[in-house]
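2 protein chains.
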Amino acid sequence: MNRRTVLGSALIGAAASAAGVASAASGKPAARSAARASGRTGPLNLITDVEGIKVGQAHDAGVRTGVTVILAEKPAVAAVDVRGGGPAGRETDVLRPENLVQEVDAIILSGGSVYGLGSADSVAAWMGMRGRGYGMGGAPGVPPSPIIPTACLYDLANGGNKQWEMEPPYRRLSVQALEAAGDRFNLGTAGAGYGAEAGALKGGIGSASAVMASGWTVGAIVAVNSVGSVVAPGGKTFWASPYEIEDEFGGLGSSGLHASAEDWGLSKFGARPRENTTIACIATDVALTRVELQRMAIMAQDGMARAIRPAHAPFDGDTLFCLSTGKKVIENPAMRQVAVAQLGNVAADVLARSVARGVYHATNYEGVSGKTWREMK
Amino acid sequence: MNRRTVLGSALIGAAASAAGVASAASGKPAARSAARASGRTGPLNLITDVEGIKVGQAHDAGVRTGVTVILAEKPAVAAVDVRGGGPAGRETDVLRPENLVQEVDAIILSGGSVYGLGSADSVAAWMGMRGRGYGMGGAPGVPPSPIIPTACLYDLANGGNKQWEMEPPYRRLSVQALEAAGDRFNLGTAGAGYGAEAGALKGGIGSASAVMASGWTVGAIVAVNSVGSVVAPGGKTFWASPYEIEDEFGGLGSSGLHASAEDWGLSKFGARPRENTTIACIATDVALTRVELQRMAIMAQDGMARAIRPAHAPFDGDTLFCLSTGKKVIENPAMRQVAVAQLGNVAADVLARSVARGVYHATNYEGVSGKTWREMK
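In order, the protein sequence lines correspond to chains A and B. The numbers in the working numbering rise by one with no breaks, and the one at position 1 of the first sequence is 1. The numbers in the working numbering rise by one with no breaks, and the one at position 56 of the second sequence is 56.
Just to be clear, a hint being listed does not mean it is correct.
In this list, chains with the same sequence are indistinguishable; a pair is considered to hold if it fits within one copy or across any two.
Unchecked claim - Here are the computed lysine to any residue pairs in the SDA-like style, where the Cα-Cα straight-line distance is at most 25 Å:
id : residue 1 : residue 2
1  : Lys327    : Ala61
2  : Lys54     : Leu252
3  : Lys377    : Ser255
4  : Lys328    : Gly89
5  : Lys377    : Gly253
6  : Lys328    : Ser122
Worth flagging that the hints you see were computed from the coordinates, not collected in a lab. Keep in mind the model is a prediction, meaning the values are calculated, not measured.
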């Protein structure tokens with residue numbers, strides 16, 4: 001009756017323990033009857049729980065912008081999935097499966113829209129002068145080519161001082177961020193999320209992680225600057241609430257979820273294109289090919305769909321990167337696609353949680369009040 | 001404080017009436033405090049509420065398969081968005097924006113995996129002999145070319161008799177379906193959803209519609225045969241519950257939504273590729289270009305992500321078509337992208353509702369019991 005096949009507990013975790021329709025429907029395990037997700041986060045509940053991934057951030061409070069650098073300690077296999085209507089990106093074509101380079105050195109998420117794309121210039125120079133990057137050989141005087149795919153969000157109209165003329169701050173901020181890279185970093189009004197707005201609420205940087213029954217880790221980081229709302233209309237229940245683990249973003253439960261047709265709730269409704277964009281990076285320690293990672297990125301993108309309504313609008317530049325550090329190996333070759341499906345499912349949940357955490361932790365700009373989720377009644 | 005801009009009630013409906021963060025948070029309108037979505041469906045709550053769209057279905061109970069034809073009374077502008085890892089499709093490249101033909105004559109959703117692709121053969125012949133289809137002129141003896149993009153789901157292993165040898169039933173079923181096309185059709189175990197399984201539950205054909213404040217109509221139809229579950233783990237709450245209108249799929253509310261990390265709930269977990277697939281078609285009466293319709297399709301795909309967990313897995317062939325019959329015109333050219341965003345948002349909701357309705361209405365095959373949502377305790 002039940003079509004689920006038990007594939008070994010190491011691979012399919014909790015799903016493998018379930019029985020038929022009738023018994024599953026009666027919801028035996030106590031943990032499941034609570035209106036809360038169960039699951040295990042990594043020790044920090046951050047993307048840096050994935051071994052080999054470090055994050056650094058920097059911001060400029062006067063400009064109301066910032067940069068987040070996701071550093072792969074060793075080159076990592078990468079994929080990208082762009083679903084927004086107004087993306088600002090760099091080095092995304094390099095990630096197409098048919099292209100030469102398989103691995104990246106870092107991913108940058110940045111404020112500043114097209115100006116933010118410059119953040120990768122200085123990080124490339126910084127890395128290149130230290131001999132890091134892709135190279136066809138090692139001829140003297142020939143610098144390697146660091147591969148640093150970058151996505152930017154639009155924060156040009158958030159009230160900060162953008163009179164930078166010939167010197168946008170992104171080259172400076174990105175090196176500051178890179179040099180600050182470590183395991184711990186701030187959520188909320190920080191890094192690429194410093195100047196972000198998530199619909200009508202203050203947006204920010206969110207991150208979360210999950211450790212699977214197999215011991216595999218999946219982490220996510222996201223800068224939430226969506227046109228859509230992260231809470232359901234008429235309240236403050238996060239769309240991501242069904243995925244919340246241990247009150248990590250307030251623990252309100254999911255009973256407040258209801259959509260109300262054309263009511264976008266606390267969205268940032270406007271006709272001006274490119275003023276929004278949610279940008280994200282997923283990482284896992286499981287070794288995947290670039291093509292497998294592409295499927296994982298596609299599945300992970302669903303986390304954005306679940307946490308933000310609407311997502312992927314013409315005015316969003318929604319872009320999602322996916323990294324594999326390759327520390328863990330899938331031992332049974334016949335199970336690779338199943339593993340991809342499991343990782344993709346977990347990644348979608350972790351991303352949805354990260355979106356909520358970014359807004360949950362956001363604080364107001366100095367001298368401003370009333371824009372944050374925490375201030376909502 | 002609130003960035004939403006009022007853009008005229010005809011265009012942005014309920015969203016336009018909202019105020020700032022504080023007041024929206026207090027949730028004034030009574031309708032919003034109920035844990036239920038508000039919104040208006042068309043008279044039938046089916047995709048055929050979109051003027052100019054008819055649907056016909058046929059099935060073979062012994063084979064446990066069927067076909068659904070979505071007929072555009074006049075050629076309709078179309079787009080497609082493929083996000084599953086194992087699609088079975090036909091005439092999808094024709095829909096790329098840079099290609100010649102702008103309009104389609106029908107969309108077919110079919111069971112039968114690769115065999116189901118033959119369903120379009122006989123529909124093309126049927127239409128061609130009646131002079132319907134794309135043609136560069138009208139030379140005597142030269143039939144036109146009916147454009148009939150088709151997507152199939154995998155129902156080959158559902159226990160029906162598939163010993164069809166050289167005569168798969170799809171050419172026959174599709175003409176039967178076409179000739180039955182009208183405004184009313186069955187949901188659940190019918191048409192392309194006859195042999196479908198939605199995770200561990202009996203799947204089926206779902207359909208729903210929404211009439212926007214502007215008077216625009218959006219409808220969806222979907223055959224739900226997902227690897228993922230349409231209900232949250234440990235219970236029978238539909239993932240689509242936040243979008244439900246007027247108890248259209250049981251009215252259980254959303255408080256049972258919780259994800260439980262690696263527990264896929266009532267999914268169809270299996271390592272065999274191409275045994276799943278959710279295929280859908282959205283329609284609207286609003287005149288959009290093919291490129292605008294592509295964006296609407298991308299946004300609509302999020303409805304699948306919200307209603308099914310996981311979606312877009314390697315083992316899914318998830319494919320979504322989008323049709324515009326062009327009966328209503330967007331009068332303000334500056335508002336076109338806003339309109340696309342509104343339509344895409346509504347389409348995602350309508351698709352999520354359709355997924356739940358397909359499973360809600362599903363009945364068992366003759367002589368089988370215990371596989372349906374309705375039988376769950």
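Here's how the hints hold up against the structure:
no.	hint	verdict
1	Lys327 - Ala61	neither (37 Å within a copy, 50 Å between copies)
2	Lys54 - Leu252	neither (31 Å within a copy, 43 Å between copies)
3	Lys377 - Ser255	both (17 Å within a copy, 20 Å between copies)
4	Lys328 - Gly89	neither (30 Å within a copy, 35 Å between copies)
5	Lys377 - Gly253	both (16 Å within a copy, 23 Å between copies)
6	Lys328 - Ser122	neither (32 Å within a copy, 51 Å between copies)
In summary, the structure is inconsistent with hints 1, 2, 4 and 6 from the numbered list given earlier, while agreeing with the others.
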